[in-house]
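With the hints as constraints, model all of the structure from the sequences given.
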Amino acid sequence: MATIHLPTALRKYCGGAADLPVSATTVRAALEELERSHASLHRNICDETGAVRRHLNIFVNSDHMRDRQGLDTALAPGDVVTILAAVSGG
Amino acid sequence: MPDRVLLTIGTKKGLFVAQAPGSRGTFTLRGPFGRGVDVYASLIDTRAKKPRIYASSCNPFFGMKILRSNDLGKTFEETKSAPAFPKEDGRSLKNIWSLEPGSDEQDLWCGVEPASLFRSRDGGDSWEMVPGINNHEHARKWQPGAGGLCLHTILPDGERIHLGISTGGHYLSEDGGRTFAPSNKGIGVGFAPEPLPEWGQCVHKIARPKDAPGRLYLQNHGGFPDRPGIGVVRSDDHGRTWRSIAKGLPSDFGFPILVHPHDPDTVYVLPLEPMTRTCPGGSPAVWRSENGGGAWKKLARGFPQKETFFTVLRDSMDIDELKSPALYFGTTTGQLWMGHEGGEKWSCLFESLPPIHNVKVAVV
Numbered sequence: 001m002a003t004i005h006l007p008t009a010l011r012k013y014c015g016g017a018a019d020l021p022v023s024a025t026t027v028r029a030a031l032e033e034l035e036r037s038h039a040s041l042h043r044n045i046c047d048e049t050g051a052v053r054r055h056l057n058i059f060v061n062s063d064h065m066r067d068r069q070g071l072d073t074a075l076a077p078g079d080v081v082t083i084l085a086a087v088s089g090g
Numbered sequence: 001m002p003d004r005v006l007l008t009i010g011t012k013k014g015l016f017v018a019q020a021p022g023s024r025g026t027f028t029l030r031g032p033f034g035r036g037v038d039v040y041a042s043l044i045d046t047r048a049k050k051p052r053i054y055a056s057s058c059n060p061f062f063g064m065k066i067l068r069s070n071d072l073g074k075t076f077e078e079t080k081s082a083p084a085f086p087k088e089d090g091r092s093l094k095n096i097w098s099l100e101p102g103s104d105e106q107d108l109w110c111g112v113e114p115a116s117l118f119r120s121r122d123g124g125d126s127w128e129m130v131p132g133i134n135n136h137e138h139a140r141k142w143q144p145g146a147g148g149l150c151l152h153t154i155l156p157d158g159e160r161i162h163l164g165i166s167t168g169g170h171y172l173s174e175d176g177g178r179t180f181a182p183s184n185k186g187i188g189v190g191f192a193p194e195p196l197p198e199w200g201q202c203v204h205k206i207a208r209p210k211d212a213p214g215r216l217y218l219q220n221h222g223g224f225p226d227r228p229g230i231g232v233v234r235s236d237d238h239g240r241t242w243r244s245i246a247k248g249l250p251s252d253f254g255f256p257i258l259v260h261p262h263d264p265d266t267v268y269v270l271p272l273e274p275m276t277r278t279c280p281g282g283s284p285a286v287w288r289s290e291n292g293g294g295a296w297k298k299l300a301r302g303f304p305q306k307e308t309f310f311t312v313l314r315d316s317m318d319i320d321e322l323k324s325p326a327l328y329f330g331t332t333t334g335q336l337w338m339g340h341e342g343g344e345k346w347s348c349l350f351e352s353l354p355p356i357h358n359v360k361v362a363v364v
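These protein sequence lines map, in sequence, to chains E and L.
Per my numbering: the first sequence = residues 1 to 90.
Per my numbering: the second sequence = residues 1 to 364.
Read the hints as simulated data drawn from the structure, not as lab findings.
Treat the hints with caution; some may be incorrect.
[Unchecked claim] Where chain E lies over chain L, by a calculated footprint (3+ residues, C-beta under 8 Å):
id, segment
1, 59–68
2, 81–95
[As the list claims (entries may be wrong)] Label-pair ranges, simulated between beta-carbon atoms:
id, chain 1, residue 1, chain 2, residue 2, range
3, E, A18, L, H340, 46 to 54 Å
4, L, R227, E, G70, 48 to 56 Å
5, L, G90, E, D67, 26 to 34 Å
Note that this is a predicted model, so its numbers are computed, not measured.
Glycine is no exception: its CB is placed at the ideal position from the N, C-alpha and C atoms.
Shown next as structure tokens:
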């Protein structure tokens, strides 16, 4: 099992949990698993079209997913998928 | 005397609520709610015995939310869902621009960006898309203005529903929202070769008096020297035809337009210099007509007389419904002004709020 690690702002959409276990073997499948298990949490991460929101970054362990295979990045047991808000604003 | 006057102030950094006794003596401020997130729309819904407040929370990181308060803006919670396009539609919500009451206590309309309309029948917990406008043959051809492609005005009037879209124009339904058609005869544009197109106008705001059937006032995108007077127009036939009422104003560019709650002939605009979109000559003023736009009077008592260059956006001005109503507007530089006695005398209630997108008032 891999783990999805959530930022504080999103924990209220999954009962306060910081980490959610997923059985998926890619980032894409992990997000689809979230859509089924925690629909309102998923809506915060992806828009209606299924695209990851523009100002969010997804890391697999220490690597940004864009530096690996994006949403097709493979997940192995013990991997941590970290979702973080980008540095932006004003 | 009424219990209290309530203001909702949507800002770049969240929603503030200001409250005063019915005398409007001193306003106290609470908030921000939805901290750090833009609020472009709010609604003080007084239809039920217990008023509700709604606000949009337009989060660039995590998407759009609707906030709801059942205790006059002391606490807010997210509704169970926000408007969203069906996955197969291909569009995604960029902003929530308008919240308006529908036909019963639980019925709400919501205008969004990209320009589309949604409806809730359960006080904002679930939303359905309104296909008559969202799937209109023009919908994918409308172009965004500087503020985005927004459906910013929703004016229900029985089976009629008036919509203001920037940049799309005025669209009218006469069958309760099932179908819509552009209705812009007499509303000009200054940014296209055809001066009076069927649709595609950059409508900034529309106001409808309650007691004058068929009357509408509209602030359009004016400020074009070659096409003077297109910025402020009026209709007397439910928006089928429009005529200019801009003569006498220092500029026909502006964003908000308001009607007096007890007199359909009294209308207010806040003219801005079109290039800078700030107060003409650095001297702020609201302008009032008491004969439906036939003549205009400058209302500037209490404002700085010079060196003042603020901007007031389309949803940042409102008027209360007391016997002698007061106007309220917020600026993009964070001042909240109140115009006593129908705008005869102005005072600044709050001087240093975040940039203001939206101001609503209700007597509750």
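For each hint, the structure was consulted:
Taking a C-beta to C-beta cut-off of 8 Å, the segment 59–68 of chain L contributes 4 residues in contact with chain E, enough for the three needed, and the coverage statement holds. Note: the segment 81–95 of chain L has 10 residues with beta-carbon separation from chain E under 8 Å; the three-residue rule is met and the coverage holds. Evaluation of the 46 to 54 Å hint for A18/E and H340/L yields a pass: the beta carbon distance comes to about 52 Å. Evaluation of the 48 to 56 Å hint for R227/L and G70/E yields a pass: the beta carbon distance comes to about 49 Å.
Taking 26 to 34 Å as the suggested C-beta distance range, the pair G90/L and D67/E conforms, at roughly 28 Å.
This entry satisfies every hint, going by the numbered hints stated previously.
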